[in-house]
Amino acid sequence: MTEATYLNARTTIRSWVLTTDHKRIGILYLVTLIFALVLGGFFAMALRIEHLTPGHTVMTAMTYNRSFTLHGVIMVWIFMIPSIPASFGNFLLPIMVGAKDVAFPRLNLLSYYLFITGTVMVLVSMFVGGIDTGWTFYPPYSSSTPTAIPTALLGVFVIGFSTILTGLNFVVTTHTMRHEGLGWMKLPLFVWAIYATSIIQVLATPVLGMVLLLVVLDNSLHWGFFDPARGGDPVLYQHLFWFYSHPAVYIMILPGMGVVSEVVATFARKNLYSYRAIAYSSFGLAFVGFLTWGHHMFVAGMSTFDAGAFGVLSMLVAIFSAIKVFNWTWTLKGGAVALKTPLLYVFAFLFLFVFGGMTGVAVAAMSLDVHWHDTYFVVAHFHFIMVGGTLTAFLAAIHYWFPKITGRMYSERLGLLSAALVFAGFFVTFFPQFLLGNAGMPRRYYDYPPQFQPLHIVSTAGSWVLATGLLITAIYLGHALFRGHRAGDNPWGSRSFEWRTTSPPPTHNFHATPPFDIDPYDYTQPLPGTDDDPAAEKEAA
Amino acid sequence: MSDTTVLAPQEHFATIEQQAHAARLGMWVFLASEVLLFGAIIALFTSYQVHYPDAFRQGVDHNTKLLGSINTGVLLTSSTAVACSVHALRAGKRRLAGLLVAATIALGAVFLVIKLTEYAKHFHEGIYPGGAGSFFQVHHARGLPEFWTLYFGMTGLHALHVTIGLTVLGVLLSRIMRAELGAASAHRLELGAIYWHLVDVIWIFLWPLLYLA
Amino acid sequence: MNAAPISVKPILATGGALLALWVSSFALSYASLGTWALPVALAIAVVKAVLVALVFMELAHATLSMKLTVLAALALLLTLMALMVADVATRGT
Amino acid sequence: MIELFRRLIFLPVGASTVADGVDALHAFVITATMLVSTYVFGAAAWFTVRYRRKSDRQLTRRLSATVRHEASIITLVLGTFLLWWVLGFRQYVEMVQPPRDSDVVYVEAKQWMWKFTYPDGRDTNDVLTVPVGRPIRLAMTSRDVIHSFYVPSFRIKQDVLPGRYTAVWFEATQTGTFPIWCAEYCGVSHSRMRGEVVVLSQADYALWLRSGKGQTAEIDCGRGPGSCGGGDLVAIGRQVALRRACVACHTLDGQRHVGPTWSGLYGSQRTLADGRKVVADDAYLTRSMMEPAADVVAGYAQVMPTYQGSLTAAETGALVELIRSLRDGPVAPAGVALPALEITTAADGGRGP
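Chains as they are written, first to last, in this note's numbering: chain A, 122 to 662; chain B, 10 to 222; chain C, 4 to 96; chain D, 167 to 519.
Check the hints yourself; a few may be wrong.
Derived pair list, reagent style DSSO-like, types lysine-lysine, alpha-carbon separation capped at 27 angstroms [to be verified]:
| hint | chain 1 | residue 1 | chain 2 | residue 2 |
| --- | --- | --- | --- | --- |
| 1 | B | 124 | B | 74 |
| 2 | A | 307 | A | 221 |
| 3 | B | 74 | B | 130 |
| 4 | C | 12 | A | 307 |
| 5 | C | 12 | C | 70 |
| 6 | D | 220 | A | 454 |
| 7 | C | 12 | B | 124 |
| 8 | A | 454 | A | 307 |
Note that these hints are calculated values from the structure, not bench results.
Model the full assembly from the supplied sequences, consistent with the hints where possible.
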């Protein structure tokens with residue numbers, strides 16, 4: 122007899138596309154996100170191939186410019202920003218707080234369809250002229266280029282609306298839907314991470330929405346909010362844009378940090394070295410992250426006073442990431458560490474994120490930024506954070522919660538192999554880009570002087586290894602989806618709340634009211650009623 | 010009156026109190042988001058004001074101060090009316106609550122009519138967004154086009170919010186008249202009222218920035 | 004949770020206060036305050052906004068989470084404005 | 167040592183006075199990054215091996231951070247970061263403040279070329295010729311979108327904005343040719359917007375100055391670009407002042423008129439209408455042309471229109487040079503009669519001398 126799960130409760134297409142079940146909406150997001158990742162990845166590969174030789178390789182300058190813009194827009198707004206919160210956050214947050222659903226299930230569905238609408242608008246812009254501004258849409262270029270700016274920017278605006286509604290839903294759910302007896306200090310750290318992310322989503326995204334609207338008005342009606350000929354100041358656009366887009370980096374990385382906290386504790390079978398430090402530092406990142414946007418503008422013509430202020434504030438925000446990294450690493454000490462696929466991805470995360478984060482601090486050291494700004498050094502730095510951080514955490518999450526979501530298990534050997542390939546491929550792709558940046562190669566260059574070619578070839582070769590790793594992942598996960606052996610309810614032996622119900626969970630998440638009075642990271646004693654229980658062990662024997 | 014109807018919560022909530030609390034917090038979080046939306050354009054306005062103090066003074070001096078000020082009074086009164094209507098509905102005085110919401114809607118409509126009158130006056134004078142129009146061939150102060158563009162942007166966005174608020178209040182009014190809202194479900198009206206108050210608060214700041222000083 | 008005010012009096016009193024502040028703000032705009040005109044007008048606006056928020060929007064009776072939401076939004080808004088204006092104001096030096 | 171480091175991480179030669187300091191900080195920061203990454207990964211790897219799992223039901227002892235442990239890590243890390251900021255900020259301030267005695271070259275960026283205008287009135291496209299060992303300040307503006315002036319070998323970069331003048335300076339320490347790249351995306355040919363700085367020895371530079379290479383400034387004196395003829399920037403400035411009717415309000419001989427006189431203006435301290443005091447340097451003068459309302463001198467009415475968009479970088483440069491030439495009071499008009507107060511003459515002065 123098969124158990125009733127959210128997957129087999131109703132199986133019509135209608136029951137999926139009009140579902141208000143947070144788990145199914147999470148799955149809808151996951152499928153859409155993987156589509157976005159593939160599309161953004163396609164452009165990335167095309168860009169890398171173009172750079173095999175200086176000048177024309179496979180595409181014209183205009184195609185190149187549109188491709189890197191689409192790569193950026195798709196990866197940032199259609200993949201990174203919603204990635205972990207919209208998929209795993211949706212699926213897990215209500216379960217982790219012991220609720221039947223998010224606070225506003227219909228709003229949740231609306232949010233998904235807004236996301237789809239925005240995505241379609243961005244993709245349509247590809248066919249009605251494309252956009253060639255880069256994902257930062259700086260005026261006056263963006264307000265004068267004849268390409269499809271209004272379509273694309275309104276698309277991003279709509280996606281922003283979806284982000285706000287998702288964040289709002291999570292904030293309210295965390296506040297009002299927690300199970301009785303589940304205090305803030307007992308919440309899984311993933312919930313803290315998603316909650317802090319949601320705060321940024323709700324408070325930063327409207328600023329982006331506003332400034333994009335102004336650029337659309339500048340571009341289509343020539344209102345000139347940022348047009349120097351009418352007295353406008355393009356640097357003010359950059360202020361407003363980065364007021365959103367710097368915190369957006371934390372929208373991308375914080376949920377990944379939540380994943381890391383969960384995975385590290387589970388595979389070390391140990392309490393986190395400091396729960397409070399990790400929880401509070403999420404808030405630290407969320408709030409101090411709002412004060413540092415100006416470090417994107419050190420050479421933009423900002424005042425020296427402001428530049429100095431943003432420089433020192435940027436140093437403060439880095440400390441919160443450092444606290445987390447330190448605490449994760451020391452969690453392993455005295456644990457019972459099993460190097461499974463999710464943990465291997467987390468190790469990749471740790472290394473790449475430390476490297477990416479430290480080079481981030483380096484670019485906030487102001488005189489160095491003057492040389493590095495808008496070069497491949499910056500490109501390498503933020504890919505270390507976004508791919509090495511967020512994408513790696515996303516892959517860790519997929520592997521960690523795969524049995525939770527599907528009830529099945531993938532091949533561990535292929536998992537470890539592809540994780541190693543992804544790590545190696547990533548490193549070979551992006552490490553040379555630091556060196557290119559040192560040498561002075563500016564970003565968004567279609568053509569480049571021949572002395573940079575060897576490094577570009579290495580980088581392109583790395584991108585193929587990375588793609589191979591991801592392709593293998595797709596194949597064995599696809600296989601496991603239908604053919605994988607049954608995983609059992611709690612294959613990792615985790616103490617966290619989402620594993621206290623069946624895998625996959627039933628429609629209303631719990632068959633019986635689970636106990637929410639324990640510490641989700643307590644591995645000091647056996648867990649009653651599970652495989653861990655000595656009594657159960659005896660019975661099995 | 011049928012205000013004693015006990016409302017059942019939606020199935021994923023344990024109690025109606027939990028549901029009302031969630032709805033209220035949700036509205037506040039949404040308003041926080043709205044504050045930042047308006048905050049972005051106000052921050053832009055303030056920056057340009059610091060950059061072009063003289064042009065912005067000229068702009069303010071030229072603006073239709075009397076009409077803008079009357080509109081402030083209209084919105085303040087409407088806010089008071091809708092606050093009273095929430096109070097009345099909680100006390101079970103559905104009819105009074107309905108009347109007060111109707112008054113709020115009427116005042117909101119007056120606000121929009123006055124706002125449109127102002128726009129008509131500006132257009133007549135040759136003031137259009139983007140520094141277009143005959144006005145700017147006579148008045149050259151650098152930064153003046155930005156004042157008027159931002160003026161249209163800010164008041165236009167605000168007028169859009171007034172319109173949304175009026176729609177929400179209209180729906181609530183019809184539900185009060187059909188006795189679908191009563192003392193037990195007063196929090197629904199309360200949410201609409203909170204939104205209306207926010208629209209009022211934003212105007213409270215736009216008024217001095219654009220009309221007074 | 005929101006404990007609803009029992010009497011309608013605070014609402015009416017607040018409405019009266021708002022209109023009084025409105026009139027005074029309008030009148031003050033004719034006094035030649037020079038550079039102080041805008042700060043004074045904005046200070047009155049802040050008082051009005053606080054009254055509306057505390058009494059009409061019942062923030063005074065709201066939960067801590069709601070108050071913190073408002074505070075967070077205001078703190079970030081002020082940060083945005085302060086650092087943006089600081090750039091424009093200190094650029095010449 | 168620093169040369170080895172440069173070669174190791176692909177840095178170009180350091181050919182300006184700021185390069186060595188920046189590269190030293192670079193070395194410090196990158197070494198620390200490498201060490202910390204290795205340390206974190208090493209620790210994780212060691213714990214993974216040392217505490218590997220022995221049984222799937224293995225229990226672990228609770229092990230928590232002490233406040234002292236957390237605090238010491240925070241202090242150490244934050245201390246390092248703040249030290250980087252202090253070092254970086256000091257260098258940054260040095261990089262954005264040109265020495266007082268620097269030579270000025272006017273730069274106009276447009277899609278997709280760089281145009282340099284020298285004090286002697288010459289124009290060159292895409293090639294900037296400078297002497298070694300002299301501080302050079304670039305006053306830069308853009309004609310269309312944002313560009314960014316980047317010379318990797320000098321470790322300098324500055325965005326070039328339409329509607330505004332931004333400045334960057336450098337002092338080359340070795341002769342040679344160094345590439346200039348545009349670092350801010352500016353359209354389809356962004357990657358081809360390249361130029362070069364040619365650094366000559368002082369002697370070669372003097373020769374270059376005399377050779378008259380480059381074109382005469384393409385300043386429009388009413389009969390198309392270049393119609394102002396030759397001559398140095400001061401002479402061109404006089405013609406611009408006539409043609410643009412600057413002299414309708416500003417005198418060159420020290421008399422007060424609608425606007426302040428230009429005589430003795432340069433380098434003097436001005437008291438503004440709002441009480442601020444500023445020194446009338448190049449930045450102030452260009453700003454006053456573009457945004458007359460920004461700094462109104464006390465005692466004068468704000469009636470000047472903006473010249474934003476109507477003056478090219480070269481014309482602005484010429485005017486500033488003219489005003490600079492008058493810093494010690496009026497000089498006898500050379501070649502061009504300057505009818506200081508007669509507006510009618512100024513208006514048809516456009517037809518040339």
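Check whether the Cα positions of residue 12 of chain C and residue 307 of chain A lie no farther apart than 27 angstroms. Roughly 44 angstroms between the alpha carbons, so the hint for residue 12 of chain C and residue 307 of chain A is violated.
Could you grab the alpha-carbon distance between residue 124 of chain B and residue 74 of chain B and see if it respects the 27 angstroms cut-off? 12 angstroms, holds
27 angstroms Cα cutoff - pair residue 74 of chain B, residue 130 of chain B: Judged against 27 angstroms, a Cα distance of about 12 angstroms means the pair holds.
Between the alpha carbons of residue 12 of chain C and residue 124 of chain B, is the straight-line distance 27 angstroms or under? Violated, at about 31 angstroms.
Sort out whether residue 221 of chain A lies within 27 angstroms of residue 307 of chain A, counting only the CA atoms. Status holds; Cα separation ~18 angstroms.
Residue 12 of chain C and residue 70 of chain C were given as a pair; does the straight-line alpha-carbon distance stay at or below 27 angstroms? 24 angstroms, holds
Hint check: residue 220 of chain D vs residue 454 of chain A, CA-CA at most 27 angstroms. Holds or violated? The given pair, whose Cα atoms are some 15 angstroms apart, holds under the 27 angstroms limit.
Agreement of residue 454 of chain A and residue 307 of chain A with the hint, judged by alpha carbon distance not exceeding 27 angstroms: 22 angstroms, holds
Of the numbered hints given earlier, the model fails hints 4, 7; all others are met.
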